[in-house]
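S.K.: Single-letter residue listing:
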Amino acid sequence: DAGVIQSPRHEVTEMGQEVTLRCKPISGHNSLFWYRQTMMRGLELLIYFNNNVPIDDSGMPEDRFSAKMPNASFSTLKIQPSEPRDSAVYFCASTPNSDTQYFGPGTRLTVL
Amino acid sequence: TQLLEQSPQFLSIQEGENLTVYCNSSSVFSSLQWYRQEPGEGPVLLVTVVTGGEVKKLKRLTFQFGDARKDSSLHITAAQTGDTGLYLCAGGPPSRSNYKLTFGKGTLLTVNP
Numbered sequence: 724d725a726g727v728i729q730s731p732r733h734e735v736t737e738m739g740q741e742v743t744l745r746c747k748p749i750s751g752h753n754s755l756f757w758y759r760q761t762m763m764r765g766l767e768l769l770i771y772f773n774n775n776v777p778i779d780d781s782g783m784p785e786d787r788f789s790a791k792m793p794n795a796s797f798s799t800l801k802i803q804p805s806e807p808r809d810s811a812v813y814f815c816a817s818t819p820n821s822d823t824q825y826f827g828p829g830t831r832l833t834v835l
Numbered sequence: 003t004q005l006l007e008q009s010p011q012f013l014s015i016q017e018g019e020n021l022t023v024y025c026n027s028s029s030v031f032s033s034l035q036w037y038r039q040e041p042g043e044g045p046v047l048l049v050t051v052v053t054g055g056e057v058k059k060l061k062r063l064t065f066q067f068g069d070a071r072k073d074s075s076l077h078i079t080a081a082q083t084g085d086t087g088l089y090l091c092a093g094g095p096p097s098r099s100n101y102k103l104t105f106g107k108g109t110l111l112t113v114n115p
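Chains A and B, in that order, are what the protein sequence lines are.
Here the first sequence stands for residues 724 to 835, numbered as in this note's numbering.
Here the second sequence stands for residues 3 to 115, numbered as in this note's numbering.
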């Protein structure tokens, strides 16, 4: 199994630009999570999908952030417009509806 | 809001030493998980404990879940350089109505040769 796949692995952009992060969960997993990790705040849950439906988006920081899951094998997290304080590592994780979450390698985002 | 506090935040030891890291909360969790994260990678699950007082061993690693299911500890015997990484604890919701986990900020362990 390929595991959770995220792209790109690194993204450097300028303030105000749109950023799109992509995730392919493990086949057969019903739930998908987007997290943001920083030294100051640790690993924060942004949004959680179950069977492609957003269940809890209370962690999305503001309207500049949006996430979609058009099908069971693909999800995107979009930031528009991006700001320097959005710089972080963004992780996608999936689970077959159990306690175990399988994380992707992350996307390191730098907003200049 | 459920919070998990991990201590210490940073730990640097020599190879061969023993260590214990802690994960504490005022909230009850249905389960408690420990993950290890290496630089440039995502967290990887080490163990899940679900019963109050439960102890699990994984080679040189010993995990314990508190009797009240509010805290946990991870003990490493004879640490090796390969144990270096960020250790994260994560709690499952008490109602088990969803699969959200609450993560602590982690303990960054460095094992020096």
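Note that these hints are calculated values from the structure, not bench results.
Nothing here was measured: the structure is a model prediction, and the numbers come from that model.
Don't take each hint at face value.
[As the list claims (entries may be wrong)] Within a straight-line C-alpha distance of at most 25 Å, the following computed SDA-like cross-link-like pairs (lysine to any residue) qualify:
id, chain 1, residue 1, chain 2, residue 2
1, B, 59, A, 743
2, B, 61, A, 745
3, A, 801, B, 43
4, B, 102, A, 764
5, B, 102, A, 787
6, B, 61, A, 782
7, B, 102, A, 783
8, B, 58, A, 801
9, A, 801, B, 72
10, B, 61, A, 764
11, B, 59, A, 822
12, A, 747, B, 59
13, B, 102, A, 834
14, B, 102, A, 740
15, B, 102, A, 736
16, B, 59, A, 725
17, B, 102, A, 835
18, B, 102, A, 737
19, A, 747, A, 777
20, A, 747, B, 72
21, A, 747, B, 58
22, B, 102, A, 739
23, B, 61, A, 777
24, B, 58, B, 39
25, B, 72, A, 764
26, B, 72, A, 781
27, B, 102, A, 735
28, B, 102, A, 738
29, B, 102, A, 769
30, B, 59, A, 801
[Stated by the list, open to error] Now the stretches of chain A that chain B is said to cover, found in silico as 3 or more residues with beta-carbon under 8 Å:
id, segment
31, 813-823
32, 827-834
The C-beta atom is built at its ideal place from N, Cα and C for all residues, glycine as well.
S.K.: Hints first: check each against the structure and report whether it holds.
M.R.: Cross-check of the supplied hints:
1. With a C-alpha separation of about 41 Å, the suggested pairing of residue 59 of chain B with residue 743 of chain A is violated against the 25 Å cut-off.
2. For the suggested pair residue 61 of chain B and residue 745 of chain A, the alpha carbons sit about 36 Å apart, so the restraint of at most 25 Å is broken.
3. About 21 Å separates the Cα atoms of residue 801 of chain A and residue 43 of chain B, which keeps this hinted pair within 25 Å; it holds.
4. This hinted pair checks out: residue 102 of chain B and residue 764 of chain A have alpha carbons roughly 18 Å apart, not beyond 25 Å.
5. For the given pair, residue 102 of chain B sits about 23 Å from residue 787 of chain A by alpha-carbon distance, which is consistent with the 25 Å threshold.
6. Note on residue 61 of chain B and residue 782 of chain A: the hinted pairing is violated, with a Cα-Cα distance of about 36 Å set against a maximum of 25 Å.
7. This hinted pair checks out: residue 102 of chain B and residue 783 of chain A have alpha carbons roughly 14 Å apart, not beyond 25 Å.
8. Taken as a hint, the residue 58 of chain B and residue 801 of chain A pair is broken in the structure, with Cα atoms around 40 Å apart against an allowance of 25 Å.
9. A threshold of 25 Å between alpha carbons decides the hint, and for residue 801 of chain A with residue 72 of chain B the separation of about 35 Å lies outside it, so the pair is violated.
10. Pair hint residue 61 of chain B plus residue 764 of chain A does not hold up; C-alpha atoms about 31 Å apart against a cutoff of 25 Å.
11. For a cut-off of 25 Å, the pair hint linking residue 59 of chain B to residue 822 of chain A stands: about 19 Å separates their Cα positions.
12. For the hint linking residue 747 of chain A to residue 59 of chain B, the alpha-carbon distance of about 33 Å lies beyond 25 Å, and the restraint is violated.
13. Between residue 102 of chain B and residue 834 of chain A the CA atoms are separated by roughly 28 Å; this puts the pair beyond 25 Å, and the hint is violated.
14. Restraint check: the Cα-Cα separation between residue 102 of chain B and residue 740 of chain A comes to about 31 Å, which exceeds 25 Å; the hinted pair is violated.
15. For the given pair, residue 102 of chain B sits about 31 Å from residue 736 of chain A by alpha-carbon distance, which is inconsistent with the 25 Å threshold.
16. With a CA separation close to 28 Å, the supplied pair residue 59 of chain B and residue 725 of chain A exceeds the 25 Å bound.
17. Restraint check for residue 102 of chain B and residue 835 of chain A: not satisfied, since their Cα atoms lie roughly 32 Å apart, outside the 25 Å limit.
18. Between residue 102 of chain B and residue 737 of chain A the alpha-carbon distance is near 32 Å, which puts this suggested pair outside the 25 Å criterion.
19. A threshold of 25 Å between alpha carbons decides the hint, and for residue 747 of chain A with residue 777 of chain A the separation of about 16 Å falls inside it, so the pair holds.
20. The suggested pairing of residue 747 of chain A with residue 72 of chain B is violated, with an alpha-carbon distance near 34 Å, which exceeds 25 Å.
21. For the hint pairing residue 747 of chain A with residue 58 of chain B, the CA-to-CA distance comes to about 32 Å; that exceeds 25 Å, so the pair is violated.
22. At most 25 Å may separate the alpha-carbon atoms for a hinted pair to count; residue 102 of chain B and residue 739 of chain A exceed this at roughly 31 Å.
23. A distance of roughly 39 Å separates the Cα atoms of residue 61 of chain B and residue 777 of chain A; the hinted pair therefore is violated under the 25 Å criterion.
24. Only pairs whose Cα atoms come within 25 Å are accepted, and residue 58 of chain B paired with residue 39 of chain B is accepted, the gap being roughly 20 Å.
25. This hinted pair checks out: residue 72 of chain B and residue 764 of chain A have alpha carbons roughly 21 Å apart, not beyond 25 Å.
26. Proximity of residue 72 of chain B to residue 781 of chain A is assessed by CA-CA distance (about 24 Å); at most 25 Å being required, the pair is judged to hold.
27. Restraint check: the Cα-Cα separation between residue 102 of chain B and residue 735 of chain A comes to about 30 Å, which exceeds 25 Å; the hinted pair is violated.
28. Distance check on the hinted pair: residue 102 of chain B and residue 738 of chain A sit about 31 Å apart at the alpha-carbon level, beyond 25 Å; violated.
29. Our distance criterion of 25 Å between C-alpha atoms is met by residue 102 of chain B and residue 769 of chain A, whose separation comes to about 11 Å.
30. Of the pairs offered as hints, the one joining residue 59 of chain B and residue 801 of chain A is violated, with about 41 Å between alpha carbons and a cut-off of 25 Å exceeded.
31. Coverage of the segment 813-823 of chain A by chain B holds. Counting CB-CB distances below 8 Å, 7 residues qualify, and the rule asks for three or more.
32. Counting residues of the segment 827-834 of chain A whose C-beta sits closer than 8 Å to any C-beta of chain B gives 3, which meets the bar of three, so the coverage hint holds.
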